[in-house]
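Peer 1: My request is simple: use the sequences and hints to build the entire structure.
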Amino acid sequence: MFRPRIGLEIHIRLLTSSKVFCPCPVRYGDEPNSLVCPVCLGYPGSLPVLNGEALRMACLLAHALNCSIAPDLRFDRKHYFYPDMPKNYQITQVSAPLGRDGSLELETGGGKTVSIRQLHLEEDAGKMIHRGNRTLLDYNRAGSPLVEIVTAPELETGEEAELLLRSLRRIVRYLGVCDGNMEEGSMRCDANVSMSPRGVEHSPGAEAPSGDPPGRKVEIKNLNSSRFVRLALDYETSRQREILRRGGRVAGETRLWNEAAGVTEAMRDKGESSDYRNVPETDLPPFPLDPEYLEGVKRQLVELPSPRKRRLVRDYGLSGDAADFLTEEKDVADFFERAAALGADPRTAASWLRSEVRRILNRENLSLGESPLTEKRLVELLGLVREGGIGGGIARKTLEEVFRTGRDPAEIVRERGWEPITRRDALLPVVEKILAAHPKAARELREGKDRALDFLTGMALKETAGRADPGLVKALISDVLKEGRG
Amino acid sequence: MEPFFVYENSGSEPRNGVTDAALQPCVCVADRPCDAGSPALEGYRPPEDAEVVSRLRRAGIPIRGAVGMSEFGFGLRGGSAGRAAAAGAAQAELMLDLTGESRAAAAALGLWGFKAGYGSVSRRGLIGLVPSMEAPGILARNPAVIRKVLQALSGPDGKDYSQPADEEPDFVPRGIVPDTTVIGVVAESLAGLSPDELAAFRSAVEELRRRGFPIRELSLPGYELFPLVHRIAASVEASSSAGRYDSVRYGTRASAGENWNEMFLQTRGEVFGPLIKSLLLQGAYFQFRRFESYRDACRIRSRLLGELRALEDRADFLLLPSPGQAPAAEPDDLDGLYRRFASTLFANVAGLPALYLPGKGGTGGCQLAAPRLQGPRLLELGEYLDNSPKGD
Ligand SMILES: [Zn+2]
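Residue numbers (our numbering), protein chains in the order written: chain D, 1 to 486; chain R, 487 to 878.
Treat the hints with care, since some could be wrong.
Footprint (simulated), chain R over chain D, 3 or more residues, beta carbon under 8 Å [as the list claims (entries may be wrong)]:
hint: 1; segment: 75 to 82
hint: 2; segment: 148 to 157
hint: 3; segment: 284 to 297
Derived pair list, reagent style DSS-like, types lysine-lysine, alpha-carbon separation capped at 27 Å [said to hold, decoys possible]:
hint: 4; chain 1: D; residue 1: Lys397; chain 2: D; residue 2: Lys440
hint: 5; chain 1: D; residue 1: Lys217; chain 2: D; residue 2: Lys376
hint: 6; chain 1: R; residue 1: Lys846; chain 2: D; residue 2: Lys78
hint: 7; chain 1: D; residue 1: Lys376; chain 2: D; residue 2: Lys397
hint: 8; chain 1: D; residue 1: Lys449; chain 2: D; residue 2: Lys482
hint: 9; chain 1: D; residue 1: Lys78; chain 2: R; residue 2: Lys645
Partner residues are not named here, just some residues of chain R that face chain D (Cβ under 8 Å, in silico) [as the list claims (entries may be wrong)]:
hint: 10; residue: Pro525
hint: 11; residue: Leu527
hint: 12; residue: Glu534
hint: 13; residue: Arg609
hint: 14; residue: Leu612
hint: 15; residue: Pro617
hint: 16; residue: Asp646
hint: 17; residue: Val734
hint: 18; residue: Gly743
hint: 19; residue: Trp746
hint: 20; residue: Phe777
No wet-lab data here; the hints were simulated from the structure.
Since this is a predicted model, take the numbers as computed values, not measurements.
Yeah, the Cβ is synthetic: ideal placement off N, Cα and C, and Gly gets one too.
Peer 2: In structure tokens, the structure reads:
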């Protein structure tokens, strides 16, 4: 009867080397107040100077999210008195955002597309640390560049919201503008949730219908992982649905996600108005964005995860899941495509990357780019399996050695004496030994129980540390049994 | 000299002909007291020189010291603007002009007073309240000194976005040919003048006419809205900009208060004087209670700027009434302040360079304004009028 309308406000911490309006470095974990200057401390007479790298990243992201870009760059001031904000106003672009009317495609979930209302550049605040009755301040983070992305309330479930964040995370990582780490605060998310009666559609931008709204908009904060976003929104939509089902009314308020209790809780009212009455930032007068500059930024766009995933399925015959895995990280997809270009069978390469390679990378806490595994080495390894006849066990061991020693697979196989045993005369004694050691299995095989053949073959492989050619072993077992020697 | 200076520098040798300059302590000089005349910034010593200070040093103009100023340079109450220059303690004085302070101070002391055009001089390191309207002001006994100081200060520094990036100021003298230099008079600017003020203005017009300048009467129907626009937009900007004076990182901090919020409230209640308090309260009122009026003021301002630009085709300079003689006491309330600066705030709202020319032989002087980046040209006209023989 009621349909949830969920919108997200997502803050992206840009990976610039310096702050958005001053040359101080953007770094975390330094001595408090060591990365500060008159500008980010809001000293009298200091003026903000826009960081070109932050602008480029924001424009790139705006392009990637299909936003129309404002002809002039404008900044405004959002006022609130809070000691972590050195000037007691935040330089932002709420009134005249850099990007408007964009869209973001959810990568799974039926390819739903969610509208982006606006995307703008702003500065981060410092940190307040409470010690007893004292308040300490660290301004190292003050003035770090953020991009805020506001979606239309077009999401309906916690799962969709989680998907949106996951899709956005992939995009920002592809573009290299943010590391996408929600746990560390590189991506922060607030949500708003309201309910609308089914069948009643609102025009974009409209609030709950006038007259008798079934529910006011509820803001939810403290969602610092994509899982919490899903859990909190699922909780909140069912909470609101239950209130409405019982004929109640949803109060417009701000709620916090309580992770331990698994519920959202009303925040004590701070008397904060959501209307900050922004005024123009007259220390940074508007200036026109050169269309040539914007074209130049657009040329830096890379193929984004969604289209790339579709292309990998189409061009390489991969499953959706495999393509989904490969496109999660740009360097993995790049690696895959380079390996395929060097002659690797795409499906086999994808499956190795998804299973063995991923397992080792996770264990070693490495990214593909940092690891000794090059695309050339993977191609060589797959070649050894396909043409050189080495078995899966040897191949896995070889891969481990590649990671351990940083050497080429063929060299490792040769030096370790891991080449397959393919000569009859070398394998025959092994087969005879196995049959002698397992008379019960040999008897069963003679009685026609084929399962015993697999068992015996496995034992022969074990005996040769995986080097025996399994086809040849099977042929030899049959021969020996026919000859009545087993 | 002593009474003029908050602090004194030992002099260096002048190079470009200007012997020395004094500053208001809203111009940051590294490690010197710089409180902008406000208890809110008591004891504040900036870590860096203002761009204008670096430029004065580069030009070899010794900085004599800092003079007393009104709180944040808003109005003239409590300051000693212009008195160092009038007494010859320094050849030029550098101050901030938010509403017309440099021209009014000059008029009160018989000096020449110039407000730079918006964007012609870097504001980096100038402590102010109204970034879109305030500009450095220069006071001296003659326009040649002002012109030399302006030349030292002008041009983009690359870190103040109010400055056009590629436009180097043009100080090459073009020569003033009265016959082809049209002086515009805005009819609406004369409304509200007292008979004396009107007479002074008429005599200034006559003087220019006698010297051969064509006088053209112009109409700017929105002229009467300038004070209103200034009053609303400047107060909102000031209230916003003063946010940073919260006593957390510098300045006076109230001792009472259980937590940071109370500390903010107590401090801000204590540190601002009555005039600044009224300005900030008025700004907060328009921002949070009458936001539409603020938006209207901004819209009207851009419309007025458009109308003014249209006048640039019809006149090279505008002649405006004099800021008049100083009242017995400089006002400490907003209504009084806006009456005091009624004829000067026009140039602040519009961002135009404006020059006060002291009257000669008992006349009240007058004010000239030029298009935004034509400050050098305006001063050339000033020098011409200062030097050329009287047209009688
Ligand atoms: Zn900084």
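Peer 1: Which of the numbered hints are not met once you compare them with the structure shown?
Peer 2: 2, 4, 5, 6, 10, 18
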